[in-house]
Structure formats: C-alpha cells, structure tokens
Amino acid sequence: MTYVSSDLHGFSADDFWRLLDSAGFSDSDELIVLGDVIDRNGDGGIALMRRMAMEPNITLLMGNHEAMLLSCSFLFDTITEESISRLDDTRIQLLSAWLNNGAAPTIASLRALFHEDEESARALVEYMEDAPVYEEVRLHGRRYVLTHAGLGNFSPDKPLDAYTAEELLWHRPAPEESYYPDATVIFGHTPTQYYGKQHQGRMLRTPTWLDIDTGAAGGGSPMLLRLEDEREFYFK
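Numbering (my numbering), first residue to last: 3 to 238.
Among the clues, some could well be false.
Said to hold, decoys possible - Simulated crosslink set (EDC-like; lysine to aspartate or glutamate; CA at most 16 Å straight-line): (1) K238 to D17; (2) K160 to E138; (3) K238 to D16; (4) K238 to D23; (5) K160 to E178.
No lab work stands behind these hints: they were computed from the structure.
Input sequences plus hints: build the corresponding full structure.
Structural data, given as structure tokens:
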C-alpha cells in the first residue's frame, strides 16, 4: 500500500508512528511525506526526520521549510572570522525569513545534534538536500502527482520538471483552481482551514486535487491518505 502525509511541523515522532500503526502501515508499504517535517512545534521535527531517514520505505519530498533550512545551512558551519565575514545582507534576509516561519526549535535541535554527533547531523542535512520536489505514482490505472504546494502557473502541457521550486513549494491554489482531467494532484502547504472553518482538520477534496495539510503547524495533527482506496486516517 502507498500512503502520503504532509506538513508534520514538529509533530511528535512517537505520535506519528502511532498514526502509522493505526493505518496498518508495515515494512511492505510505502510512505511519501510531502515536505515540511520541520519547524513550528516541539523539537522542530528533528527527531521525526531522523527516524524517517532510517526507514527505506519512507520518501521525503522537499517542502518550503526544508528549502529555507538549506538556504541557511551556513548556520551550522564552524564559526570563524571568515564565516562571520560571509554573513552578508542576503544571508541575514534568508535567516530572518526562516525565523519568521517558525525556525527557532529546529535551529536549536539541529545545533545540539551538531554538537553531540556532527556526522549524524550532516547526514540529516544531506537527507533533506536529496529530497525531490515532486513524485508521480500510478496505481490501478490512476495517476497521482505529489508535490508540496500544488502546481503554480499550471499548464496541462507543462512537464513537471519545468516547474520552478517557487511554483512547487510556495503556491497556494485557489478553491476553483483545476489541474489534470486524468490525474489527481496531492499537496499540503496550505492548511485546509484556510479554505473555510468547515474544512479544519480534514482533507479537502476537489475534482482534480486533494489538500492533505490538516493543520499540524498550528497545533493540530497530520493525516495519512492511502492511495489505493483514498481512505483517510486521522490521529486520535
């Protein structure tokens, strides 16, 4: 079975594994997480990210929060006069943008990991660097396109590899936005409650796309979607 989840934002690793267990997730299944494991809550998602990285049947896609972390990787360099001199306006702006998006717990946890086990910390950063920005899944003749934030500047004839990171990581689809007639696009990034209070904490389904960001960033819980039957699983 193939499962997807998104926007975990520092959700407890133990609780996320309880959610997986409740869905019957096993070593023979596959999980694709559509980015934004980090920032906002708890330890900033570092424990959960480390656990995910050890599982061969879990795939991480890039989210805008992982992209912001990678743009600020200079934070984890050894502090020298040279590294301080490289802290120019551009880097300060990148760091400010990340901090304004909930970076503080992630920075604290990752810096602690660098002090405790630099090799593991650098491996975790590399794990994020290797995350693709989209994935396609075909099941029983149905095509699913998985991205973090949908497809900005969509055109049905536009190849997926022609989309920019901005279009895949930062887009917020309007409710009436429509994608492929013969595929379903699945994304997170925009909490479903943004489309109306009636959608809070639940997946939002339209004729061509599914939004599975159920609000963990704001203290809620993530969900799982099983693609084979499009069954939804929620943390209890």
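Results for each hint:
no.	hint	verdict
1	K238 to D17	9 Å, holds
2	K160 to E138	14 Å, holds
3	K238 to D16	13 Å, holds
4	K238 to D23	12 Å, holds
5	K160 to E178	20 Å, violated
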